[in-house]
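Trainee: Protein chains in written order, with the numbering used here: chain A, 1 to 121; chain B, 1 to 295.
Hints were generated in silico from the structure; no laboratory data involved.
Wrong hints could be hidden among the right ones.
As the list claims (entries may be wrong) - No more than 35 Å apart at the CA atoms, straight line, and that leaves these computed lysine-lysine pairs for DSBU-like:
no.	chain 1	residue 1	chain 2	residue 2
1	B	26	A	67
2	A	66	B	56
3	B	56	A	46
4	A	11	B	43
5	B	13	A	15
6	A	94	B	56
7	B	289	A	86
8	A	91	B	245
9	B	43	B	62
10	A	15	B	148
11	B	62	B	148
12	A	15	B	278
13	A	116	B	56
14	A	15	B	26
15	B	56	A	11
Unchecked claim - The calculated label-pair distances, taken between Cβ atoms and stated as ranges, are:
no.	chain 1	residue 1	chain 2	residue 2	range
16	A	59	B	54	52 to 62 Å
17	B	266	A	118	46 to 56 Å
18	A	59	B	114	53 to 63 Å
Beta carbons are placed, not taken as given, at the ideal position from N, Cα and C, and that holds for glycine.
The lines below spell out each chain.
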Amino acid sequence: MVRVLIVDDSKTSRKMLRGILEDAGMEIIGEAADGQEALKLFTALKPDVVTLDITMPVMDGINALKKIMAADRTARVVMVTAAGQKGNVMKALKLGAIEFVTKPYDTEMIIEVIKKAMDKL
Amino acid sequence: MFINLFGKYLINKKILNDVQLQSIRKEQSRTRVKLGVIAVAEKLLTEEQAEEINRKQALMDKRFGDIAIEYGFLTLEDVAHLLDQQGNPYMQFVQIATERGYMTLAQIEDALRQYQEEHHLSEETMGGIKNGDLDVIIPAFVHEDEVKEAAGVAIRTLNRLISTDLWMGDSYMTEQLTCDRLACQDMEGGLEMTIGLAGMGNSLLVVADAYAGESFQTVDMDALDSVGEVVNIIDGLFATALSEKGIENMLLPPAYFDSETTLQGKEFAVIPLEIGQKPVMLVISFGSKLCFDGE
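Turn these sequences into a full structure, and let the hints steer you where they fit.
Mentor: Have a look at this one:
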């Protein structure tokens, strides 16, 4: 079973994503509302995949991604963002994110992207 | 949108009553069909192609038909045919109102002429209103050129994600607005701006419930989080539109206010909406960000 850490400052988005991924047979092992919390949970839980929002308070998704990749170069991170963040998405892909998806969630697309992330490595 | 715009006018003129308008709305809602659904049923698209267009629509502020043409799935004639199949809201209104004996065709046409005169609307704009064409309706009611595009993105997104039961009034500029609840988001970079959805009492529940797929009891911080995600999607789509013009903007985390709040700033636009018949204000500050109580 794929073990996923969901990182998003929106409780609504975390809940929606949890529902989609659990229905697809994945296990949500943790949720974080900002980059700092994400880093702690990533280190403690060692998820298979991290879904990482870009726009967050305290520490945004780009900075969290840098720190996650520094901690584990094999980390599988999927960026989740509203449209219109092309610059940040490009930056994230260069930093090692595997893929990105945009809100509102397309159920099939997000599952496909996480499966694709699992096929890497 | 046509039935809400014209229906509210008829109620104000005491030509229709609330019960009659509700009855027309209810009947009309049963007849709306999505373009993709018709296209698949008519074998013009496969289910996979319709899904692909839906996915692309989530990335860009474009209509289903425009994307289908752009990617070569449908021709302009195909889309025109599909649109015809969807039914013209004016004709739907005429049919329901006359069949139920609420108004005759002559009374409807007469009232529509008065509506056109009172709102100083051109024949072309009236044609768009009768078709329920948001691309015509929105610029007719949003009077400030600089906010027309952002308002268009916002209202089309609300129409797509929240409810097609929309009404909009004439926009106005102000330097101050007080509301009970607010979810808003700043953008900065090439262009500073704030976009928000404000409500009185629990009116924002209509947005929160529809987006989250839940029934919140009151507009608390959880409900506002759901509204904030809708604002986030609107801002993201508008940032995409700005990016196509070479303006790169960054979105900041949304902010929520669950008690009476006064928004202040340089002149900003307020667009009165009714979503599912609940009053909601779309707030757009273009060129500068808004400040709130205590800031």
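Trainee: With reference to the structure, classify each hint as holding or not holding.
Mentor: Here is what the structure says about each hint:
1. Only pairs whose Cα atoms come within 35 Å are accepted, and residue 26 (chain B) paired with residue 67 (chain A) is rejected, the gap being roughly 54 Å.
2. For a cut-off of 35 Å, the pair hint linking residue 66 (chain A) to residue 56 (chain B) stands: about 29 Å separates their Cα positions.
3. As the CA atoms of residue 56 (chain B) and residue 46 (chain A) are separated by approximately 33 Å, the hinted pair is consistent with the 35 Å bound.
4. For the suggested pair residue 11 (chain A) and residue 43 (chain B), the alpha carbons sit about 40 Å apart, so the restraint of at most 35 Å is broken.
5. Proximity of residue 13 (chain B) to residue 15 (chain A) is assessed by CA-CA distance (about 46 Å); at most 35 Å being required, the pair is judged violated.
6. Annotation: proposed proximity of residue 94 (chain A) to residue 56 (chain B) holds, straight-line Cα distance about 23 Å (limit 35 Å).
7. Taking the CA atoms of residue 289 (chain B) and residue 86 (chain A), the gap is near 22 Å; set against the 35 Å cutoff, the hint holds.
8. The straight-line distance between the Cα atoms of residue 91 (chain A) and residue 245 (chain B) is roughly 20 Å, inside the 35 Å bound, and the hint therefore holds.
9. For the proposed pair residue 43 (chain B) and residue 62 (chain B), the alpha carbon gap of about 23 Å is at most 35 Å, so the pair holds.
10. Between residue 15 (chain A) and residue 148 (chain B), the direct Cα distance comes to roughly 33 Å. Compliance with the 35 Å bound is thereby established for this hinted pair.
11. For the hint pairing residue 62 (chain B) with residue 148 (chain B), the CA-to-CA distance comes to about 15 Å; that is within 35 Å, so the pair holds.
12. Of the supplied pair hints, the one linking residue 15 (chain A) and residue 278 (chain B) holds, its CA atoms being roughly 26 Å apart against a limit of 35 Å.
13. With a C-alpha separation of about 19 Å, the suggested pairing of residue 116 (chain A) with residue 56 (chain B) holds against the 35 Å cut-off.
14. Proposed proximity of residue 15 (chain A) and residue 26 (chain B) is supported: the alpha carbons are some 32 Å apart, at most 35 Å.
15. A hinted pair counts as satisfied when its Cα atoms are at most 35 Å apart, and residue 56 (chain B) with residue 11 (chain A) qualifies at roughly 25 Å.
16. A hinted range of 52 to 62 Å for the beta carbons of residue 59 (chain A) and residue 54 (chain B) is inconsistent with their spacing of about 33 Å.
17. Checked against the hint of 46 to 56 Å, the pair residue 266 (chain B) and residue 118 (chain A) passes, with Cβ atoms roughly 50 Å apart.
18. Restraint check, residue 59 (chain A) to residue 114 (chain B): a C-beta distance of roughly 58 Å satisfies the suggested window 53 to 63 Å.
Of the numbered hints listed earlier, those contradicted by the structure are 1, 4, 5 and 16.
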